[in-house]
Amino acid sequence: MNAILYMLGKNVKNGIIDTFRHPLKLIVYGLIAASLVYAVIRGFTMDPDVENKLDPRILYGAFLAILYFISIPIMLKGLSTGSSFFTMGDVNNIFTAPISPKKILVYGIGRQLATSLFLVVCFSAYGSMAVRMFELDIGNALLLVGGIALMLLIVQMITLLIFCICSAKPSLIPYIKYFIYLLAVYALGTTIAYMFISGINLESLYTAISMPYLEYAPFIGWVHGLIFGILYGNMLNTVIYGSLLLFCCILSIVIFRLTKLDFFEDVLSNAESYYEFRENIRTGNVGEYSIGSSKSMLRRKGISKGSGASAIFFKHLREGARRSRFMFFNINTIVLLGVTAVIGFGMKSFFNGPDKATVIFIANTVICAYVQFFFSAAGDWVKELNKPYIFLIPDDPVKKLIMAGATSIIKPFIDGAVSFVLLWIITGGHFVDALVCMLVYGSFGCIYISSNILAQRIVGISGNRGVFITFYMGIMVLLMIPGIAAGIMLLSSISAELTGIAAAFLGLPVLIWNIFISFMIFLMCRNLLNNIE
Amino acid sequence: MINVSHLTKKYNRFTANNNMSFMVNDGEIAVLAGPNGAGKSTAIKCIAGLLRFEGEIEICGHNNKSLEAKRLLGYVPEIPAPFELLTVWEHMEFIARAYKLENWQERAEELIRRMELHDKKDKMGKELSKGMQQKISICCALLIEPKVVLFDEPFVGLDPHAIKELKAMLSELRDKGVTILISTHMLDSVEEFWDKLLIMMHGRIEAERERSAVEKSGENLEELFFKITEKEKSEG
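Here the protein sequences line up with chains A and B, keeping their order.
Just so you know, we're using my numbering here: the first sequence kicks off at 7 and counts up by one.
Just so you know, we're using my numbering here: the second sequence kicks off at 553 and counts up by one.
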């Protein structure tokens with residue numbers, strides 16, 4: 007164990023020294039920390055917004071949702087027999103060392119816990135927001151943040167338990183997996199069922215998410231019950247849920263002590279694929295691999311078309327066809343359709359007003375464009391930069407840049423078409439609104455890719471990823487502002503009879519600006535492919 | 553022909569290549585040797601046009617960043633980077649299309665056969681072992697019938713048959729007048745066919761020797777390498 011502690015200590019120390027050796031990295035970390043501290047201080051020191059105070063049942067439901075959000079993925083990791091607890095460095099150096107497997111497992115899970123605790127720091131900003139919105143005092147806000155920390159601790163204990171059980175008896179893995187899914191289904195199911203029974207409206211939603219039944223769900227519900235028991239002074243709940251959690255922790259430790267662990271072989275293959283996955287993330291090769299899923303269907307053979315730079319585009323088409331049978335219609339499209347359906351049906355039920363369809367179109371454009379940002383990280387063009395071929399191909403750099411980015415530009419327009427046709431059907435809004443919003447959504451794809459290109463140009467292709475992402479996001483926001491501002495100005499200047507297609511008036515300048523500025527950036531950054539740096 | 557003149561490559565305050573100058577003629581195989589961290593891979597990447605640098609590099613008389621130079625240059629990177637979702641044959645097709653090659657199929661078949669990839673033609677990049685990925689890199693670089701080829705540690709990960717075949721290919725390329733620059737630690741692998749030895753230390757060309765001169769002195773590559781690098785170390 008001394009060796010592990012030594013290694014951990016050295017890792018932390020060298021990590022800190024390394025940060026100080028890279029001033030830009032230090033500045034970025036400093037800015038993130040400062041903005042977090044500012045958000046906390048501002049939240050705690052500002053006067054509560056008494057007039058716009060939110061229903062406390064929202065806090066009840068939101069807190070439970072946060073607990074679910076952080077717990078379920080961690081518990082599911084316990085089933086994968088340690089794939090993410092250990093790195094390849096651990097496998098090569100610690101597994102082969104004369105250290106007890108139990109100590110190694112504690113080290114793996116402990117490190118995971120330390121990483122997870124970072125979430126608590128992030129949630130402290132939300133704690134300060136809760137103070138203002140729900141009229142809480144600082145003690146209550148700290149209790150909520152502490153509740154998240156407690157959840158992380160409990161979930162690590164449960165993960166340890168799951169890991170021990172799965173390692174000793176792999177045949178139980180599917181049952182434990184179903185149990186974890188059941189936890190999530192229980193919360194969602196009871197909420198949806200209640201709403202169907204008592205009517206789909208805001209009041210019934212608030213009641214559904216604050217039902218005490220939700221606290222019956224093991225571990226997650228129990229932590230919620232304990233924290234809200236303390237918050238509302240409900241001694242019975244506090245004692246019952248506190249005892250249940252304590253019992254689970256003790257049980258986990260006892261089972262851990264009694265289990266004869268031999269998990270190295272299971273971890274090895276998972277750690278290798280996880281290492282590969284992480285390496286791809288680190289090098290920006292996002293989406294090239296995903297853990298455990300390496301099957302792609304060959305289907306049609308050959309690239310068939312393209313000459314010079316355009317060969318890159320047709321290669322991307324062939325690769326796309328292998329990732330998904332329907333090429334541009336993939337899991338991202340399904341997620342987008344899901345988001346659109348929720349927004350469409352949700353806002354149609356809860357929102358009332360003369361321009362209902364227009365507001366829904368605008369809301370969907372904003373939210374879907376935000377979702378698209380996460381999809382754009384895995385674009386074909388980003389992957390292309392990790393290989394030397396694009397730099398070596400003897401063709402015009404602008405052509406290469408456009409051809410490498412073409413699939414990433416086309417995809418959002420196709421996703422947008424599918425998504426906004428669905429929304430048009432749901433809302434029955436104006437076709438022009440739907441068309442412009444669809445194009446605006448697609449044009450945000452151009453903005454994301456051009457921001458990426460510009461950030462690559464400034465930071466360098468092989469530059470620090472953290473610094474790159476900061477620049478990328480900063481540039482992206484700056485590029486978006488003029489179009490949105492022009493849209494708002496145009497919307498505010500139109501006459502009343504044209505307000506039926508307000509989303510189109512708001513979107514048109516955004517669309518024109520996004521396309522124009524993206525094209526300009528493509529032109530300005532044509533020398534990007536001159537070298538790999 | 554490769555003509556490197558006053559090549560300097562800096563990463564912030566660290567100088568990877570310091571005022572390097574050398575020339576490799578047509579039909580010549582030059583070996584770039586040196587200890588770890590000497591700057592060999594950086595120099596190769598600069599010549600391939602992948603890095604920014606100070607100085608001048610010409611490929612057959614063209615600036616190495618020009619399209620003319622790119623058309624004449626084949627590059628085998630140190631770490632193979634195939635396209636995960638393209639088959640072996642599609643890698644050939646992609647290169648042929650990107651470089652606008654004509655009548656390439658027969659040549660691609662031959663390269664694939666010689667690298668023993670013929671039974672893996674329909675395997676995707678991600679399904680191949682590291683050694684096979686290296687073989688794809690070699691096939692891609694040679695498919696374009698380059699006038700200059702840069703090899704960065706080409707023998708690493710290859711099986712004995714592939715090493716033998718690659719050696720034969722290198723000799724054939726030289727006979728056709730192709731300029732070859734190989735960066736390698738495996739000096740015994742190049743012993744039989746090298747023409748020029750460039751020994752790098754601390755980002756500089758520490759010594760440049762012709763085969764004829766070395767053979768006259770009765771030394772072999774390894775002895776020469778140790779003599780030069782260890783002399784430098786003791787003086788340093």
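The set of hints was computed from the structure by calculation and includes no laboratory data.
Heads up, a few of these hints could be off.
[As the list claims (entries may be wrong)] In silico PhoX-like cross-links for lysine-lysine, where the CA-CA straight-line distance does not exceed 25 Å:
| # | chain 1 | residue 1 | chain 2 | residue 2 |
| --- | --- | --- | --- | --- |
| 1 | B | Lys652 | A | Lys307 |
| 2 | B | Lys672 | A | Lys393 |
| 3 | A | Lys393 | B | Lys673 |
| 4 | B | Lys673 | A | Lys307 |
| 5 | B | Lys672 | B | Lys682 |
| 6 | A | Lys405 | B | Lys652 |
| 7 | B | Lys652 | B | Lys716 |
| 8 | B | Lys678 | A | Lys307 |
| 9 | B | Lys617 | A | Lys393 |
| 10 | B | Lys678 | A | Lys311 |
| 11 | A | Lys393 | B | Lys675 |
| 12 | A | Lys393 | B | Lys678 |
[Unchecked claim] Computed footprint of chain B on chain A; a stretch qualifies when at least three of its residues, placed anywhere within it, have a C-beta under 8 Å from a C-beta of chain B:
| # | segment |
| --- | --- |
| 13 | 24-37 |
| 14 | 387-394 |
| 15 | 397-403 |
All residues carry an ideal CB built from backbone N, CA and C; glycine is no exception.
Exercise. Which of the stated hints cannot be reconciled with the structure, identified by number in ascending sequence?
Worked result: 7 and 13
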